[in-house]
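**Student:** Here is what each chain is made of, one letter per residue.
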Amino acid sequence: MVNQKNVVIAALMAIGAMIVFFLFFQSDEAKIKKKFYKLAEKVEKNDDEHDLIAAKKAHEIEQMFTGSVRIEIPSYSVDKTFPRSEISPHVLYARTLYQKMTLEFHDFQFQFPSEEKATVDLTGVFKATTRSGEPVNEIHEAECTLKKIDGEWLFTGIRGVEVLER
Amino acid sequence: MTGKRLQKFLFPTVNRTFLLRILVVGITAFILFKYILIPFRISGLSMVPTYRDGEFDFSFTLKYLLTPPKRFDVVTVRYSGNHVMLLKRIIALEGETIAFKKGFLLINGRQIDEPYVSQRQPWDLPPRIVKKNHVYVAGDNRNVPMETHYFGQTPIDRITGAPLW
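Sequence order for the protein chains is V and X. This note's numbering numbers the first residue of the first sequence as 1 and each following residue consecutively. This note's numbering numbers the first residue of the second sequence as 1 and each following residue consecutively.
Hints were generated in silico from the structure; no laboratory data involved. Mixed in with the good hints there might be a few duds.
Said to hold, decoys possible - With a straight-line Cα cutoff of 20 Å, these simulated SDA-like cross-link-like pairs (lysine to any residue) come out:
#1 Lys101/X / Glu165/V
#2 Lys127/V / His149/X
#3 Lys127/V / Arg41/X
#4 Lys33/V / Asn82/X
#5 Lys132/X / Lys33/V
#6 Lys127/V / Lys131/X
#7 Lys127/V / Phe40/X
#8 Lys127/V / Lys70/X
#9 Lys33/V / His83/X
#10 Lys127/V / Lys34/X
#11 Lys34/V / Lys34/X
#12 Lys127/V / Leu45/X
#13 Lys132/X / Arg166/V
#14 Lys34/X / Leu164/V
#15 Lys127/V / Lys101/X
#16 Lys33/V / Pro74/V
#17 Lys100/V / Ser118/X
#18 Lys131/X / Pro74/V
#19 Lys127/V / Ser43/X
#20 Lys70/X / Leu164/V
#21 Lys34/X / Lys148/V
#22 Lys127/V / Ile22/X
Bear in mind that the values here come from a model prediction, so they are computed numbers and not experimental data.
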């Protein structure tokens, strides 16, 4: 006969073990996914965002990147490497263009060329409303490269993938 | 009698057979809707008038298991996975030369009739050859400026299936 008290204790221990596992033994894939979700959270903007909040978010986004970042978008003929310090002004400028914006990431495909490097192929969905009220709905596939520095995964580059090539 | 059967159907006895049946139905539904008939909702006007914004459909992934995609087939094209897909029509196949002149589709220099296009803007696209193992896709809605319409060639292996209806 199974003692009800023992079942409750076993269930609590299992829940505790799962919490410990998720807190301390996350896989690199889970850590990277979390990074993307954090980026999406920081990109999100609602009406009447205060300038200080925008600046804080831009700074937090900047901190997710390594010292230099390469952005490559063949469809827009963009291929540029720039220092991390330039990210914040770009983010702030982009935020002024939209009244509302959200970013979602889907379909992560991971590759680990080495222990300290990761390549993530994903789909990004950017939805926004411009200052004039026009809706924006952009979907892009991107290949993002990340580097593990002091145990933290940081973005080193983003390359746009052309799904349809004219 | 009918009342009892209905009661049994609505409030079944939870026994081993019932749980097994639930498990089989659950697993079958998971496999069916995750890998064979992927449900999707259309967002956007790219395929108007054939498919409208907000419509619901399934992408049938076994459609091209034995036969290759053909011209004028409507297909779903994946990005990095199946969560977000494009719904487009194949208008040219590998090796063909495609162009648009005053809004009309030209394949290998010959104008092709497109009955699914209701209105068109004067698209002009210089000729280009569709690469090997690629198809050229476009939406049916040509009543938009060419610059704002997402179309072009894509590898065949990006085609995940075709809409069920």
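**Student:** Are the hints correct? Go through all of them and say.
**Tutor:** Here is what the structure says about each hint:
1. Proximity of Lys101/X to Glu165/V is assessed by CA-CA distance (about 19 Å); at most 20 Å being required, the pair is judged to hold.
2. With a C-alpha separation of about 17 Å, the suggested pair Lys127/V and His149/X falls inside the 20 Å cut-off, and the hint holds.
3. Pair hint Lys127/V plus Arg41/X holds up; C-alpha atoms about 16 Å apart against a cutoff of 20 Å.
4. Between Lys33/V and Asn82/X, the direct Cα distance comes to roughly 18 Å. Compliance with the 20 Å bound is thereby established for this hinted pair.
5. Restraint check for Lys132/X and Lys33/V: not satisfied, since their Cα atoms lie roughly 35 Å apart, outside the 20 Å limit.
6. For the hint linking Lys127/V to Lys131/X, the alpha-carbon distance of about 32 Å lies beyond 20 Å, and the restraint is violated.
7. Between Lys127/V and Phe40/X the alpha-carbon distance is near 18 Å, which keeps this suggested pair within the 20 Å criterion.
8. Note on Lys127/V and Lys70/X: the hinted pairing is violated, with a Cα-Cα distance of about 33 Å set against a maximum of 20 Å.
9. With a C-alpha separation of about 16 Å, the suggested pairing of Lys33/V with His83/X holds against the 20 Å cut-off.
10. The suggested pairing of Lys127/V with Lys34/X is violated, with an alpha-carbon distance near 26 Å, which exceeds 20 Å.
11. Distance check on the hinted pair: Lys34/V and Lys34/X sit about 24 Å apart at the alpha-carbon level, beyond 20 Å; violated.
12. About 16 Å separates the Cα atoms of Lys127/V and Leu45/X, which keeps this hinted pair within 20 Å; it holds.
13. Distance hint between Lys132/X and Arg166/V is fulfilled; the C-alpha atoms sit about 15 Å from each other, no more than 20 Å.
14. Using a Cα cut-off of 20 Å, the hinted pair Lys34/X and Leu164/V is violated, with the two alpha carbons roughly 25 Å apart.
15. Restraint check for Lys127/V and Lys101/X: not satisfied, since their Cα atoms lie roughly 33 Å apart, outside the 20 Å limit.
16. Among the hinted pairs, Lys33/V with Pro74/V is inconsistent with the structure: their alpha-carbon atoms are about 25 Å apart, more than 20 Å.
17. As the CA atoms of Lys100/V and Ser118/X are separated by approximately 34 Å, the hinted pair breaks the 20 Å bound.
18. Taking the CA atoms of Lys131/X and Pro74/V, the gap is about 18 Å. The hint holds against a cut of 20 Å.
19. Proximity of Lys127/V to Ser43/X is assessed by CA-CA distance (about 12 Å); at most 20 Å being required, the pair is judged to hold.
20. Distance restraint check for Lys70/X and Leu164/V: the Cα-Cα separation of roughly 18 Å lies within the 20 Å cut-off, and the hinted pair is therefore satisfied.
21. Distance restraint check for Lys34/X and Lys148/V: the Cα-Cα separation of roughly 33 Å exceeds the 20 Å cut-off, and the hinted pair is therefore not satisfied.
22. A C-alpha spacing of about 39 Å is found between Lys127/V and Ile22/X, which places the hinted pair above 20 Å, so the restraint is violated.
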